[in-house]
Amino acid sequence: MSDNAISVQHLVKRFGETTVLDDISLEIPRGQVSCLIGPSGSGKSTLLRCMAFLEEATDGSIFIEGAPLGFVYDGAGKRQRQSATELRKVRSQIGMVFQQFNLWPHMTALGNVSAALRRVRKLSRAEAEEKAMVQLRKVGLENRAGHYPSQLSGGQQQRVAIARSLALEPKIMLFDEPTSALDPELTGEVLNVMRGLASEGMTMVVVTHEIGFAATVGNQISFLDQGKLLFTDAPSKVFAKPRHPRLEQFLDTYLDRGASTLV
Amino acid sequence: MSWKLFNLLLEASLMTIFVSSVSILIGLFLAILLSAANLSGIRPLQWFAKFFISFFRGTPLLVQLLLLYNLLPVIGVQIPSLVTAIIGLSICTAAYQAENLRGGFEGVPTGLVESADMAGFTPVQTFFHIRVPIALRLTLPALINEAILILKASSLVSVVGLIELTRMAQNLVASTFMPLEIYASAGLIYLVINLVVATAGRQLERRLPGVGGK
Ligand SMILES: Nc1ncnc2c1ncn2[C@@H]1O[C@H](COP(=O)(O)OP(=O)(O)O)[C@@H](O)[C@H]1O
Ligand SMILES: [Mg+2]
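Chains A and B supply the protein sequences, listed in that same order. With this note's numbering as the guide, the letters of the first sequence map in order to residues 13 to 275. With this note's numbering as the guide, the letters of the second sequence map in order to residues 38 to 251.
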């Protein structure tokens, strides 16, 4: 467990009667890029959201840098909700990037990136904005600092969202299909920022349909199908033939044009 | 009708504007607290907010004002009629504004709250820095509408002894016997004030980032 940034153990998630995640165990190694792929509806987002406790697992446990997330077990082995303060502490190690960006529309790019530095980290406005500018510069948007989200393209919004997460200096970054809501010509700028992060050694978990990205940047790839984790392996192994029949079927259906050469 | 009379009406309209705008602002503040109570998940607070909102929306403002005016001496409170008027109007508009805001709070996308959670905001911080500004923007047209309704409803506060535009008009009619000119002038002043409020509201809507505008 100690070498892994995230440890998912026997995770089960049910929505009412439907089992969306069925006994998932997964180790996310520190400093590596782990990609989650699979058909839509297979439970990728739910798994990622469980890793941030945005979704409460029905059973099983998740550890972030060795610390339990969301639930703790008492002396009698009974599962209990973590205190809000404890949860915030564990969560502070995680950054989350959403498919829909989720920027706060009433704040500028700079406001979005500096808000938590001011409110949560209690930095002065000047300090917070200085740190925020560093992050905006990193994603190439220092000249858009004063723009509101509605004045930015989708790709720029997503880069601001990444900067907003990075400003809090997380140890782990979670991405839920960060380019799926973007026009095809805008996905490159976001993927480039993510490549940069990966090369700096950031621990990343990426739900993606960009098979090319998963194959070239990913260190390990996990394939989910109908709530089951079918396998986790290095890209070279995952895409080598003969492939798992469900993966073969998935690639046939979901492979983006042009990426086929990569795999 | 002489300028002198018209000036008296204009002066009285300042009282109308003052009482209304102060009440709108206090009412907005109370409405935000009522919304917080509603969202708190704490049952007694939620019940209180529900009761408060349905009581003050379900009874006529005139009755509320008369009740307040007669209740205060009984419980030994002596305050100027201006304060009584502001209390009465604020409480009433708070109930309506809370009801308007409810839709706004429901309209705040979950994702925006989740990103605040991930950023480490406490629920109180998320409420004031994320939910309130967005809910206010979503319900700005309803808020402007409520401001106009309160400007007009403020004509009722004369029952607690405050001399505002309508009461001044009545007084002037009693001494000059020119009801048509005077009431028409009063109506015109209300109309102008409300047109200004409506126009300013539309400008604000257009300019506020994160609403209709950029
Ligand atoms: N809040 C929810 N309530 C009920 N069912 C849900 C909810 N969220 C997701 N699901 C279901 O869980 C399954 C997995 O969803 P999701 O994790 O979003 O899949 P993916 O991200 O792989 O497309 C889907 O069948 C979806 O309908
Ligand atoms: Mg998904």
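Keep in mind that the hints were calculated from the coordinates and are not lab data. Beta carbons are placed, not taken as given, at the ideal position from N, Cα and C, and that holds for glycine. Mixed in with the good hints, there may be bad ones.
[What the hints assert, rightly or not] Facing chain B, according to a computed beta carbon distance under 7 Å, are these residues of chain A, among others:
| # | residue |
| --- | --- |
| 1 | PHE75 |
| 2 | MET108 |
| 3 | ASN114 |
[To be verified] Simulated DEER-style distance windows between Cβ atoms:
| # | chain 1 | residue 1 | chain 2 | residue 2 | range |
| --- | --- | --- | --- | --- | --- |
| 4 | A | GLU260 | B | PRO160 | 41 to 51 Å |
| 5 | B | LEU82 | A | SER192 | 18 to 28 Å |
| 6 | B | PHE165 | A | ARG255 | 46 to 56 Å |
| 7 | B | ARG244 | A | GLY89 | 26 to 36 Å |
| 8 | A | ARG255 | B | PRO81 | 54 to 64 Å |
| 9 | A | ASP86 | B | VAL111 | 22 to 32 Å |
| 10 | B | ALA179 | A | THR97 | 34 to 44 Å |
| 11 | A | PRO257 | B | GLU242 | 29 to 39 Å |
| 12 | B | GLY198 | A | GLU98 | 39 to 49 Å |
| 13 | A | ARG91 | B | ILE116 | 48 to 58 Å |
| 14 | B | ARG243 | A | PRO257 | 23 to 33 Å |
| 15 | B | GLU242 | A | LYS134 | 51 to 61 Å |
[Claimed, not checked] Each computed DMTMM-like pair below joins lysine to aspartate or glutamate, with the alpha-carbon atoms no more than 25 Å apart:
| # | chain 1 | residue 1 | chain 2 | residue 2 |
| --- | --- | --- | --- | --- |
| 16 | A | LYS90 | A | GLU29 |
| 17 | A | LYS134 | A | GLU154 |
| 18 | A | LYS150 | B | GLU136 |
| 19 | A | LYS101 | B | GLU151 |
| 20 | A | LYS143 | B | GLU242 |
| 21 | A | LYS143 | B | GLU143 |
| 22 | A | LYS134 | B | GLU151 |
| 23 | A | LYS134 | A | ASP195 |
| 24 | A | LYS183 | B | ASP154 |
| 25 | A | LYS134 | B | GLU136 |
| 26 | A | LYS183 | A | ASP237 |
| 27 | A | LYS183 | B | GLU242 |
| 28 | A | LYS101 | B | GLU136 |
To see whether the hints hold, each was checked on the structure:
1. PHE75: violated (18 Å)
2. MET108: holds (5 Å)
3. ASN114: holds (4 Å)
4. A:GLU260 - B:PRO160: 41 to 51 Å: Distance hint for GLU260 (chain A), PRO160 (chain B) holds at roughly 47 Å.
5. B:LEU82 - A:SER192: 18 to 28 Å: Taking Cβ atoms as reference, LEU82 (chain B) and SER192 (chain A) lie about 40 Å apart, which means the hint is violated.
6. B:PHE165 - A:ARG255: 46 to 56 Å: holds (52 Å)
7. B:ARG244 - A:GLY89: 26 to 36 Å: violated (58 Å)
8. A:ARG255 - B:PRO81: 54 to 64 Å: holds (59 Å)
9. A:ASP86 - B:VAL111: 22 to 32 Å: Violated - the Cβ-Cβ distance for ASP86 (chain A) and VAL111 (chain B), about 55 Å, lies outside 22 to 32 Å.
10. B:ALA179 - A:THR97: 34 to 44 Å: Cβ of ALA179 (chain B) to Cβ of THR97 (chain A): about 37 Å, so the range 34 to 44 Å holds.
11. A:PRO257 - B:GLU242: 29 to 39 Å: About 56 Å separates the Cβ atoms of PRO257 (chain A) and GLU242 (chain B), which means 29 to 39 Å is violated.
12. B:GLY198 - A:GLU98: 39 to 49 Å: Violated: the Cβ-Cβ distance is about 57 Å, outside 39 to 49 Å.
13. A:ARG91 - B:ILE116: 48 to 58 Å: Since the Cβ atoms of ARG91 (chain A) and ILE116 (chain B) sit about 56 Å apart, the hinted range of 48 to 58 Å holds.
14. B:ARG243 - A:PRO257: 23 to 33 Å: violated (57 Å)
15. B:GLU242 - A:LYS134: 51 to 61 Å: violated (34 Å)
16. A:LYS90 - A:GLU29: It holds: about 23 Å lies between the C-alpha atoms, which stays within 25 Å.
17. A:LYS134 - A:GLU154: holds (23 Å)
18. A:LYS150 - B:GLU136: violated (44 Å)
19. A:LYS101 - B:GLU151: holds (16 Å)
20. A:LYS143 - B:GLU242: violated (32 Å)
21. A:LYS143 - B:GLU143: Distance ~33 Å between LYS143 (chain A) and GLU143 (chain B) Cα, so the pair is violated.
22. A:LYS134 - B:GLU151: holds (20 Å)
23. A:LYS134 - A:ASP195: violated (37 Å)
24. A:LYS183 - B:ASP154: holds (17 Å)
25. A:LYS134 - B:GLU136: At roughly 34 Å apart (the allowed maximum being 25 Å), GLU136 (chain B) and LYS134 (chain A) break the hint.
26. A:LYS183 - A:ASP237: Not satisfied, since the Cα-Cα distance of roughly 28 Å exceeds 25 Å.
27. A:LYS183 - B:GLU242: Roughly 40 Å between the alpha carbons, so the hint for LYS183 (chain A) and GLU242 (chain B) is violated.
28. A:LYS101 - B:GLU136: Not satisfied, since the Cα-Cα distance of roughly 36 Å exceeds 25 Å.
Against the hints set out earlier in the document, violations occur for numbers 1, 5, 7, 9, 11, 12, 14, 15, 18, 20, 21, 23, 25, 26, 27 and 28.
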